[in-house]
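2 protein chains.
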Amino acid sequence: MSLLPTATVATIARHAGQRVTLAGWVYHKTEKGKLIFILLRDGSGTIQCVTFKKNVSEATFATAQALTQESSCRITGSVRADERAPGGYELDVEEIELIGPSHDYPITPKEHGVEFLMEHRHLWVRSSKQHAILRIRAEVIAAAQEWLNEQGFVRFDTPILTATAAEGTTNLFATDYFDLGKAYLAQTGQLYVEAGMMAFGRVYCFGPTFRAEKSKTRRHLTEFWMIEPEVAFADHEDNMRLQEQFVSAIVARVLDRRREDLKVLERDTTVLEQVVPPFPRITYDQAIELIASHQGEVEGADPLPWGEDFGAPHETLIASKFDRPVFVERFPSAVKAFYMQPDPNRPEVALCADLLAPEGYGEIIGGSQRIHDPVLLEQRIREHGLRIEDYEWYLDLRRYGTVPHSGFGMGIERVVAWITGTRHIRETIPFPRQLYRIYP
Amino acid sequence: MSLLPTATVATIARHAGQRVTLAGWVYHKTEKGKLIFILLRDGSGTIQCVTFKKNVSEATFATAQALTQESSCRITGSVRADERAPGGYELDVEEIELIGPSHDYPITPKEHGVEFLMEHRHLWVRSSKQHAILRIRAEVIAAAQEWLNEQGFVRFDTPILTATAAEGTTNLFATDYFDLGKAYLAQTGQLYVEAGMMAFGRVYCFGPTFRAEKSKTRRHLTEFWMIEPEVAFADHEDNMRLQEQFVSAIVARVLDRRREDLKVLERDTTVLEQVVPPFPRITYDQAIELIASHQGEVEGADPLPWGEDFGAPHETLIASKFDRPVFVERFPSAVKAFYMQPDPNRPEVALCADLLAPEGYGEIIGGSQRIHDPVLLEQRIREHGLRIEDYEWYLDLRRYGTVPHSGFGMGIERVVAWITGTRHIRETIPFPRQLYRIYP
Ligand SMILES: [Mg+2]
Ligand SMILES: [Mg+2]
Chain A
1 MSLLPTATVA TIARHAGQRV TLAGWVYHKT EKGKLIFILL RDGSGTIQCV
51 TFKKNVSEAT FATAQALTQE SSCRITGSVR ADERAPGGYE LDVEEIELIG
101 PSHDYPITPK EHGVEFLMEH RHLWVRSSKQ HAILRIRAEV IAAAQEWLNE
151 QGFVRFDTPI LTATAAEGTT NLFATDYFDL GKAYLAQTGQ LYVEAGMMAF
201 GRVYCFGPTF RAEKSKTRRH LTEFWMIEPE VAFADHEDNM RLQEQFVSAI
251 VARVLDRRRE DLKVLERDTT VLEQVVPPFP RITYDQAIEL IASHQGEVEG
301 ADPLPWGEDF GAPHETLIAS KFDRPVFVER FPSAVKAFYM QPDPNRPEVA
351 LCADLLAPEG YGEIIGGSQR IHDPVLLEQR IREHGLRIED YEWYLDLRRY
401 GTVPHSGFGM GIERVVAWIT GTRHIRETIP FPRQLYRIYP
Chain Z
1 MSLLPTATVA TIARHAGQRV TLAGWVYHKT EKGKLIFILL RDGSGTIQCV
51 TFKKNVSEAT FATAQALTQE SSCRITGSVR ADERAPGGYE LDVEEIELIG
101 PSHDYPITPK EHGVEFLMEH RHLWVRSSKQ HAILRIRAEV IAAAQEWLNE
151 QGFVRFDTPI LTATAAEGTT NLFATDYFDL GKAYLAQTGQ LYVEAGMMAF
201 GRVYCFGPTF RAEKSKTRRH LTEFWMIEPE VAFADHEDNM RLQEQFVSAI
251 VARVLDRRRE DLKVLERDTT VLEQVVPPFP RITYDQAIEL IASHQGEVEG
301 ADPLPWGEDF GAPHETLIAS KFDRPVFVER FPSAVKAFYM QPDPNRPEVA
351 LCADLLAPEG YGEIIGGSQR IHDPVLLEQR IREHGLRIED YEWYLDLRRY
401 GTVPHSGFGM GIERVVAWIT GTRHIRETIP FPRQLYRIYP
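Sequence lines, in order, name chains A and Z. Note that UniProt numbering has the first sequence beginning at 1, numbered continuously upward. Note that UniProt numbering has the second sequence beginning at 1, numbered continuously upward.
Please note: incorrect hints may appear among the correct ones.
As the list makes no split between identical chains, a pair holds if one copy fits it or if it spans any two.
What the hints assert, rightly or not - Straight-line distance between alpha carbons at most 20 Å, and here's what the computed SDA-like set of lysine to any residue pairs gives: (1) 216 - 178; (2) 182 - 434; (3) 182 - 171; (4) 182 - 436; (5) 214 - 285; (6) 29 - 286; (7) 336 - 82; (8) 182 - 215; (9) 182 - 212; (10) 216 - 179; (11) 214 - 178; (12) 216 - 264; (13) 216 - 177; (14) 214 - 174; (15) 216 - 176; (16) 110 - 265.
Calculated from the structure, these hints are not laboratory results.
Construct the complete structure from the given sequences, taking the supplied hints into account.
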């Protein structure tokens, strides 16, 4: 006989007045004499289950008394609308079946240190805030893919195991690959989506990417998920337009569908409501000036000479001047990847942009127009000290029907951190991988 | 100025009678005196562009004459309905702008060997059959995720870099992980989705998985994509019901939306139309008998003693007796993973099932009910020679509110091979990774 519930908390309104069986875990419990209030979470939501001694058998009341935090159980009862209840409904309990006990559940309502919680990440994901963050993560991922699919993009999965390093050999995880030498875990699918772009016009890849960086900031993971659209016949301007529509659509969908989760996280949604196109744009040069003229406002955001890349404090300072994500465009080519198209009017800068999230969440997108001329591309590969042989296939894309094209990569965890208002990126993925963490 | 087209082939019907600019690549060209027929592909489809000398400038006619296979160009003209045209429309050309030339494109209409095509995979994906297969792959992936989302499943991304081997240490790719020793590339996300299942009730992961297997068959890749749903309070029967609904929904969506691609592939769709629940079910024991009684029908499908696992020929033989996917259930526990729930009436077999595709495409799903009892699970971990310390977090899931639960993993490439009628799995992923292939 199946143990599946006959209803879920998320859709409980459909069952008003009906007798249903819910199945889940005890999130919290309070006893008041002949009344036991069980806050049951079933993964889709939480509901108060009211156990009144005179309505249930002695055995059921005893079971209710014995339930502890995170015990699993099936509870049968009737669904009653109640204005005062958080979800608008309560369950009047008739029967309780204990499924799995839970003694001394490690995560109690008291405060725990982050290290302790990370060691118990497999349990911590049940807690209401973590649950809300990860539910929003799933929504962001669905929104991103479905929006691109609706716009005619074709998903094009790029390889993780690659024979060469797309953007250089530093910070790569390596593994032995049979008799073929080393394989590297991809930091990006971009070079490969460019092949897809020439087959499908507009494509994207979405998957995990890897960076073996010895950095320990709140914005870094060694394994993170990235979605990378690429569009044929699109220039730098088209690219920024696409990005602002894309990001706005994702934020709008989260606001539309996950408002309860945002409430759990006490997220100020007014700043999210402002995320509509067009996004402000400043050049790298203007950003350098902005940083110089606001010296001292953000710790670590010291003035920079032209030609240097921003650090996290600089991004925070720049973003603080705008009420929505801001593009910083036309960086010096020297600090960017080899494949970026130079500005025809000023070849020392690239037709690229970083999109910075508001409120100090940093860069959420990096994008550019790509070099489509085979001669220039080959020259850049050599200038960057990369081996031409490794890029023959990539050069082929310029030899046979090359087109101006553009694309970008959006980091899922960065976006989720920003939308959910989570300061540290490690809480935006089920099992974060960091310099000192690979368990559980 | 943007180079983006004003219309795409896929949506050309909306522009009937209008003047549009398309942008794409020359798939094929024929000249008949004053007429040049350009078959343009723009990634969304192909359309015939008719260049009539008297309608265009001399320069444009010369450009049309100069176009070679896979040249990229922008073509402006008016959209004319034509019953005889494959897509129902043709373009009467007014202007042509060559964007990127293409000389001696390596893949010509003549036959090429598979090794040659695989070396040119970055170009081969433009060819009509490869294009159709990968378009269907994208549809399968969208269908799978959207169907699960609609059923209340929450996407829960599991880590690729793992400290231990989920199902044993053989066939794993390893990499150095800073000061923490080796990390292994996950073969499955299953253990981790079980943690998610207890937080969200029903979850799935979807991502690349890795197997460093020295096998060189048409059904194996070292890097392949898997979608793995997991459901709380679900038993083995619930699990099979979910699978047959899931697979049927995916096939139905491909039939609904990608019929043109199936036509390109000359796929017999009558066998796909039959894919509706319920799917036939036989036990492992019955399968052993079936194999014995049909000896000689399929090469290599020799009779097996009870207790041995099937090879590919056995799966082909079994599947050949059914008109839709068939479940083979209750395998000997000894040939399956350590976490499978034993049949209470017969503990030497597991409450598991493999789902075999028709027509010799092999196993597309492996699934089971999972052990929910902590004592039995710990015993199995020891029996399999695995270290308890590595599984403490996994055992915690049974210590705190354990529930009977079930799940399965569906291999995307296997499903795409079956739906598209592709004999070798290497054509079902953009850049296949095999024992002897990691380029391009
Ligand atoms: Mg940056
Ligand atoms: Mg098997």
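Against the structure, the hints come out as follows:
1. For the identical chains of this complex, residue 216 and residue 178 are inter-copy neighbours only, at 12 Å across copies versus 33 Å inside a copy, given an alpha-carbon limit of 20 Å.
2. Taking identical chains as interchangeable, the C-alpha atoms of residue 182 and residue 434 lie at most 20 Å apart only when they sit on different chains, with a minimum of 14 Å there against 23 Å within one chain.
3. Taking identical chains as interchangeable, the C-alpha atoms of residue 182 and residue 171 lie at most 20 Å apart whether they share a chain (14 Å) or sit on different chains (16 Å).
4. Taking the shortest Cα distances, residue 182 and residue 436 sit within 20 Å of each other only across copies (13 Å), while inside one copy they are farther apart (24 Å).
5. Within a single copy, residue 214 and residue 285 get their C-alpha atoms no closer than 30 Å, and across copies no closer than 53 Å, so neither meets the 20 Å cut-off.
6. Taking CA atoms no more than 20 Å apart as the test, residue 29 paired with residue 286 passes in neither setting, with 57 Å inside one copy and 50 Å between copies.
7. When the C-alpha separation of residue 336 and residue 82 is checked against a cutoff of 20 Å, the pair qualifies neither within a copy, at 58 Å, nor between copies, at 49 Å.
8. Taking the shortest Cα distances, residue 182 and residue 215 sit within 20 Å of each other only across copies (19 Å), while inside one copy they are farther apart (24 Å).
9. Taking CA atoms no more than 20 Å apart as the test, residue 182 paired with residue 212 passes in both settings, with 15 Å inside one copy and 13 Å between copies.
10. Taking identical chains as interchangeable, the C-alpha atoms of residue 216 and residue 179 lie at most 20 Å apart only when they sit on different chains, with a minimum of 14 Å there against 35 Å within one chain.
11. When the C-alpha separation of residue 214 and residue 178 is checked against a cutoff of 20 Å, the pair qualifies only between copies, where the shortest distance is 8 Å, while the shortest distance within a copy is 28 Å.
12. Taking CA atoms no more than 20 Å apart as the test, residue 216 paired with residue 264 passes in neither setting, with 28 Å inside one copy and 51 Å between copies.
13. For the identical chains of this complex, residue 216 and residue 177 are inter-copy neighbours only, at 14 Å across copies versus 29 Å inside a copy, given an alpha-carbon limit of 20 Å.
14. Taking the closest pair of Cα atoms, residue 214 and residue 174 come within 20 Å of each other both inside a single copy (15 Å) and across two copies (19 Å).
15. In this homomeric assembly, residue 216 and residue 176 come within 20 Å of each other (Cα to Cα) only across copies, at 18 Å, whereas the closest approach inside a single copy is 27 Å.
16. For a Cα distance limit of 20 Å, the shortest separation of residue 110 from residue 265 inside one copy, 18 Å, qualifies, whereas the shortest one across copies, 61 Å, does not.
Violation of the numbered hints given earlier is confined to hints 5, 6, 7 and 12; the remaining hints are satisfied by the structure.
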